[in-house]
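J.: Numbers 10 to 224, taken from the working numbering, label the letters of the sequence shown in order.
It is worth saying that the hints were derived from the structure and are not from the lab.
Glycine included, C-beta positions come from ideal geometry on N, C-alpha and C.
Possibly wrong hints are sitting among the right ones.
Dumping the calculated EDC-like pairs for lysine to aspartate or glutamate here, alpha-carbon to alpha-carbon at most 16 Å [claimed, not checked]:
id, residue 1, residue 2
1, Lys-67, Glu-191
2, Lys-78, Glu-97
3, Lys-161, Glu-98
4, Lys-161, Glu-91
5, Lys-161, Glu-109
6, Lys-161, Glu-207
7, Lys-67, Asp-184
Label pairs and their computed distance ranges (CB to CB) [claimed, not checked]:
id, residue 1, residue 2, range
8, Leu-162, Thr-202, 58 to 64 Å
9, Arg-37, Pro-63, 38 to 44 Å
10, Asn-159, Val-187, 38 to 44 Å
11, Leu-50, Glu-97, 19 to 25 Å
12, Ser-120, Val-33, 25 to 31 Å
13, Val-189, Gly-90, 17 to 23 Å
14, Glu-94, Ser-57, 26 to 32 Å
15, Val-189, Leu-50, 28 to 34 Å
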Amino acid sequence: MPSADMEKSPSPPPAPPVQSIPGVRAERLTKVYTTALESTLSAVSYPSFSACFPSIAKNAPKQLEAMHKGMCERLRTFAMGEFGEIMEERRVVERLNELEGLIADARKRKSRSVEGGEGSGEVAPHTLPPRPLVDAHLTPLYRSQQSQLNAKLQTTQSQNASLLEVLRRQRQEIDELVRVAERVVEDLESAGTKLAKEGEVLSEAARAEEVLRNV
């Protein structure tokens, strides 16, 4: 009587690991995202940004330009960091590489079957998975991934809007401080003028008193 171990079929070999190095599709996805991000940031040009701070743009243009450059760099770093986290959390690179492997394998099997025919011992055409079957298997997965990426992108856009709102409030505060400073300067100039006039009056009185003493 055969043992239980002999009755068990051998385990299939483990699937080869999918490389985490970005393939063609992963690189293309990163390039598309980077291009879209740069296009978005280029819309926030320095002229349009400085138009929101006319007083500072006039009195401290270099500082305002440095502030604009730093803001754009922080937004770029934040957006790329979020994109990298999404790519890592969802294993996008591995899955896109896996998709490339499936497509390449299907093409090889199709090529072998066409060259050898059904009776040559190669994979017969009727055993190949049809494209609709592949699409039906992969499309829901990648639609789910796309929905999650869109949700993350919407969150990032919302955070960017919040940052812009903070910048607008800071601009209002800066404008108010500039107005207060201008009023203080005007008051100081007025006080200086009055003091100068008072000094002239006191000087005249002192000279008159000196003349009277000498009479």
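J.: Looking only at beta-carbon atoms, does the pair Val-189, Leu-50 fall within the given range of 28 to 34 Å?
T.: 33 Å, holds
J.: Holds or violated: Lys-161 and Glu-91, Cα atoms, limit 16 Å.
T.: 8 Å, holds
J.: When you take the CB atoms of Arg-37 and Pro-63, is the distance between them in 38 to 44 Å?
T.: 43 Å, holds
J.: At the C-beta level, are Ser-120 and Val-33 separated by a distance inside 25 to 31 Å?
T.: For Ser-120 and Val-33 the Cβ distance comes to about 19 Å; the hint is violated.
J.: Starting from Lys-67, check that the Cα of Asp-184 is at most 16 Å away, please.
T.: Roughly 13 Å separates the two Cα atoms, so the pair holds.
J.: Taking the CB of Asn-159 and the CB of Val-187, does the distance hold inside 38 to 44 Å?
T.: 41 Å, holds
J.: Taking 16 Å as the top limit, are the C-alpha atoms of Lys-161 and Glu-207 close enough?
T.: Violated, at roughly 68 Å.
J.: Hey, Lys-78 versus Glu-97, does the alpha-carbon distance stay inside 16 Å?
T.: It is violated: about 28 Å lies between the C-alpha atoms, which goes past 16 Å.
J.: Hinted pair, alpha-carbon criterion (16 Å max): Lys-67, Glu-191. Please report holds or violated.
T.: 14 Å, holds
J.: Lys-161 and Glu-98: Cα distance at most 16 Å?
T.: Holds, because 12 Å separates the two Cα atoms, which is no more than 16 Å.
J.: Is 19 to 25 Å a correct range for the gap between the Cβ atoms of Leu-50 and Glu-97?
T.: Between Leu-50 and Glu-97, where Cβ atoms are some 23 Å apart, the hint holds.
J.: Sort out whether Glu-109 lies within 16 Å of Lys-161, counting only the CA atoms.
T.: Outside the cut-off at roughly 25 Å; violated.
Of the hints listed earlier, those the structure fails to meet are numbers 2, 5, 6, 12, 13, in rising order.
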